[in-house]
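Novice: Here the structure of chain A is known, so what remains is to put chains B and C in place on it, guided by the hints.
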Amino acid sequence: MNAKNASSPVYYRAARIPWGVIGSYLVMIFFALLYIGPLFMLVNTSLKTMPSFMKDATSLATELRFENFVEAWNKANFPKYLLNSVIYTFAATTIYIITAIFVAFPIARGYIKYSGAVLTLFVIALFLPPALIPQFQLILNLGLYNNPIGYILLFIVNPIGIVILVNYIKTIPQELDEAAALDGCGYFRFVWSIVIPLIRPAIATVIVMHAIGIWNEVIAPTIYLTNKDYYPITRGLIVFQGVYGSNWPTLAAAVLLLTLPMLILFLFLQRYIVSGLTAGAVKG
Amino acid sequence: MSYHFGRGRSKWTPYILLLPGLLFYFLIALGPSIATAFYSFTDATGIKGAPVHWIGFDNYREFLFMGRASIDNLEALKRTLVFSVAVTFIQFGLGLFVALIVNQNLKGSNIFRTIYFMPVILGVVIQGLMWSLFLYPLGGPAAKLLSWLGLRSEFLGGPPEQAFAWVIFIQIWANMGITMMIFLAGLQTIPAELYEAARIDGANPLQLFANVTWPLLTPSVNTNLLLNVIGSLQAWQLFLVLVGYRNGTQVLGYLIYATGFGQTSGSVTSSFRQGYAAAASIILFLLVLVIGMTVQYYLQRRETRILG
Amino acid sequence: MSKKMFSLLSLLVLLATLLAACGSPAAPTASSGDTAPAQPAEKVTLRVLVHQNPPMVAFMEEFNKKFQEKHSNIVVDMSVVNANDLSTVSQTRLSANDIDVLDIFGFSNAAQPYMKQVDPPNWQQLIEAGLLMDLTGQDFLKYYDESALQDAGSYNGKVYAVNLGRVSYSGIYYNKDLFTANNVKVPTTWSELVAACETFKAANIPCMTAGGKDGWPIFVGAYGLLGSIYPDQAALVEGLWTGKIKWNDEKSLEMWKKMQVYARDMMEEGASGIAGDAAPGRFASGAVAMFPGGTWYAAAIEAANPGFEWGYIPFPGSDNADDNKYLFGKYDQGWAIAANTPNKEAALLYLAEFSDPANYQAFVDAVGFIPTQPTAKLNTKIGTEVAPYLANFRVGYEQYWVAPKGAGQFANPWASYFKPFGTDDDPQVLADKVQADLQAGLDAVNK
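Chains as they are written, first to last, in numbering that gives the first Met the number 0: chain A, 0 to 283; chain B, 0 to 307; chain C, 0 to 446.
Next up, chain A with everything else stripped away, as it sits in the complex (with noise of 0.2 Å):
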């Protein structure tokens, strides 16, 4: 074992038969079928024709019929639906974490008055329901209707996050702050430079959430972005849908377009969101 993963504790000792390791390998072998299961039957039906897919549509695909992916590719333009989806996430999320690290960081100190007050309202904010009529007579007044400024602008917000901030933040002791100040640090200095480093694994959290939430949203572009070039994935699916739905082999292949630069995108990513994540190991 590494030093990065001071604790990994082997449950089982690996003496005689290791019936831990086996039974963990067992367990771990059939969740990866449940989830490589579906892709594989993506993968599959993508390279089929319709008339053999209507015939059997779980035999294994021996036409290698790749043109299915080139009609996709031409039938709708996802690669801008991607740079989209991407855009408009990181965006939203990158405006939301710096806003949100200097709306915890006093809350959790109280270094403003009434801060308590303050938290609970972002409580609250938890339980809120999307505002969507409200929202849209906003974005509306504001003249950002079909406009990716406007989408951005209601990611902006994320109660939870600040809550999941505030918690970590008060796990950094007073002291520090005493002591940076004394060192002549300032507050703006010693927030970015020493406690964002200190609490990246609720930084990591917070993203991956807030993330998460921007790339499934389906509702919001069928109101707000009516422009075909501002389409994010999963409107461009749905409208892709309502068009093939019944034609599986290029619905698949469609889906496989967007899917591969994702797993690509984040076999990249995720070594950031891990080490983001598991870099609290030690604290003091």
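Just so you know, the hints here were simulated from the structure itself, not pulled from any lab data.
All of these numbers come straight from a predicted model, not from anything done at the bench.
It is possible that some hints are incorrect.
With beta-carbon atoms standing in for the labels, derived distance ranges [as the list claims (entries may be wrong)]:
1) L18/B to E61/C: 53 to 59 Å
2) V74/C to P260/A: 51 to 57 Å
3) K143/B to I193/A: 55 to 61 Å
Within a straight-line C-alpha distance of at most 35 Å, the following computed DSBU-like cross-link-like pairs (lysine-lysine) qualify [stated by the list, open to error]:
4) K343/C to K77/B
5) K74/A to K65/C
6) K143/B to K54/A
7) K376/C to K115/C
8) K115/C to K74/A
9) K77/B to K256/C
10) K47/B to K343/C
11) K143/B to K227/A
12) K376/C to K418/C
So these bits of chain B aren't anywhere near chain A, every CB distance computed over 12 Å [what the hints assert, rightly or not]:
13) Y59
14) S69
15) R78
16) A141
17) S152
18) P159
19) I167
20) M175
21) Q187
22) T188
23) E302
24) I305
Don't be surprised by glycine CBs; every beta carbon is placed ideally from N, CA and C.
Specialist: Leaving out everything else, chains B and C in the frame of chain A:
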């Protein structure tokens, strides 16, 4: 708390830096939610230029007490609770179980971990489409598997309870990865020495879990529980993709959207009723508030009791 | 993560937002003032919204191309949305004044005097909010059938939409080859239909298919059954409201029994897995004998398998052949114009161009509607199939019915309540349940 970073005018710095976040919050979340509360007492349609009248508690009366429809609404409410409870507990349990197994860092664990997190990345629409395909009743993989057992099912198109159960399953499948990740992070914070010490004392794996792992996992447990409960009470996009607005499967979130924005079935679209939908929203909010705060309170107490 | 990383991130955010902002389309330029002649001189982008219907969308793309060639200063920007989203997107885009010409279904489900406490239908809400343009007096109206304008596009004496055609949803497509091969006569009565299905099933051919996945194709397919028992559907709706007709009286019970046979015995296994758009393809593949569906599927069937021999008959729900000569349907797609559109001339020009009998004929040929222009001919195959029944076209139940508030979700004559699409398998029990759900609403509003 005393502020350490200067005196005089620099004392305003925290306030200034806090302002954007707070402002955004009022503008985009709190403001519209308060507006929703007001809408709930009107007959607003949501159409620009349409007349709006104050009707007091009529929307609430209609939603909760009017005829058979209100019983259907309460069924939807019940279903929302069932969905939330089932998803929360099963996802929690499975997430914890898988996290424990993956945490052993056996060779290849990283790959498995990535696989389980994959649906989270792909998003709701892709999850829904993948499973729609897998559950294709006319000879899809699940249908084939069942036929080997001599059974057949219409899956998502079948009886409402079945379709509902499938959505619960897929919701859990999709989000177990996040639960697992948060638990993994929490497991990382437990010092190995505690396990060693307990093992030396002769503890078996079950005792290790009950006395070392579980108590020290409390922050992750709390985060996961709270996220799951609140999230599942409000989640309904999977229903949109997998089932559509079918009688017997609706949950409150979907019902609110459908009443507010009109629901099309075949050749007919219902009218837009934003005021009514707002009332339903507030009812959902109260439900989530009560449950959420209870859960939160109980978890807080437990956390202070265990961790001091 | 260091300070540099965050500065880089902030820069990227700025970049992303700038990218997003610069990507916005140019706002549509206003047309020249109201006093200008019919042809606007400045460059105009005309925004059109239609719902997903592949043959119609294909036609519209052709039409738009020709329109743009003829009027070089107008660019047509057409958006296509799923049929389910049409009303939502119409409402939001009208509110945002982001649309000029929109596709709107024929006006239906108006509140009748015997209905209490009902909300106005969504088209009426749009009109009352002043969002739809009053088209009364426009030149192109003269091309259309007067009754179509009245029934499907008017409110309070003013015309707000031109309806482009009627469709029937109570018929059955049948596979001519399979019928001749199995020596089955085209059914004109219910018993003949039952017998036909049994013959097919015995020969291992599924009798019927429909797009069960979308839910409504199952029960809409059975509206012929409803129509055979209650041919005057406006009277049916009034009877239900006043209590003269109940869903569990003798006539209705007969209907429920037949609906059960339809859902349980006639529909193929696995129909619930077929999406609405996939059903015509399945039928056209020759795998099933019959396909209860609307006339709008004809174009899709022909596209899926040109040369496929099929016919269309009214759903024979009664044992008296004379009762089975009616076709029930609705007014389908129509055009309306946003009242606040800045491109008034262009929009009116678009509609005028579309309404030109030559263009309209091409449209009707493409989508298979029953025309609302008296000069149009029924050139399509579906047109010839329905021609004998045209005089007996009736607007269907769905277009009249408004549920009383408080009515339960079972207060409908839907065949899909029966297994395997729903949970019921006893017609009497279901009939009572349906009536109870309806009665709950009637009691609530009549208090």
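Novice: Regarding the pair K343/C and K77/B, is the alpha-carbon distance no greater than 35 Å?
Specialist: Not OK: K343/C and K77/B at ~50 Å, beyond 35 Å, violated.
Novice: Against chain A, does M175/B keep a CB gap of more than 12 Å to every residue?
Specialist: The claim is violated: M175/B sits with its nearest Cβ about 8 Å from chain A, within 12 Å.
Novice: Determine whether the non-interface label on P159/B survives the test: each CB of chain A must be over 12 Å from its CB.
Specialist: At about 21 Å from chain A, P159/B clears the 12 Å cut-off, so the statement holds.
Novice: In this structure, is the beta-carbon distance linking V74/C and P260/A contained in 51 to 57 Å?
Specialist: The hinted range 51 to 57 Å is violated for V74/C and P260/A, with Cβ atoms some 32 Å apart.
Novice: Can you confirm whether the C-alpha distance between K376/C and K115/C stays at or below 35 Å?
Specialist: With a Cα-Cα distance of about 42 Å, the restraint between K376/C and K115/C is violated, given a limit of 35 Å.
Novice: Since Y59/B was said not to touch the interface, does its Cβ keep a gap of more than 12 Å from each Cβ of chain A?
Specialist: About 15 Å separates Y59/B from the closest Cβ of chain A, which puts it past 12 Å; holds.
Novice: Report holds if the minimum CB distance from T188/B to chain A is greater than 12 Å, and violated otherwise.
Specialist: 6 Å, violated
Novice: Between L18/B and E61/C, does the C-beta distance stay in 53 to 59 Å?
Specialist: 55 Å, holds
Novice: Does A141/B really sit off the interface, with its C-beta more than 12 Å from all C-beta atoms of chain A?
Specialist: Answer for A141/B: violated, closest chain A Cβ roughly 9 Å.
Novice: Is the hinted pair K115/C and K74/A satisfied, with a Cα-Cα distance of at most 35 Å?
Specialist: Violated, because 48 Å separates the two Cα atoms, which is more than 35 Å.
Novice: Taking 35 Å as the top limit, are the C-alpha atoms of K143/B and K227/A close enough?
Specialist: The given pair, whose Cα atoms are some 38 Å apart, is violated under the 35 Å limit.
Novice: For I305/B, is the shortest CB-to-CB distance to chain A above 12 Å, so the non-interface label stands?
Specialist: 15 Å, holds
Violated hints, in rising order: 2, 4, 7, 8, 11, 12, 16, 20, 21, 22 and 23; the structure is consistent with all others.
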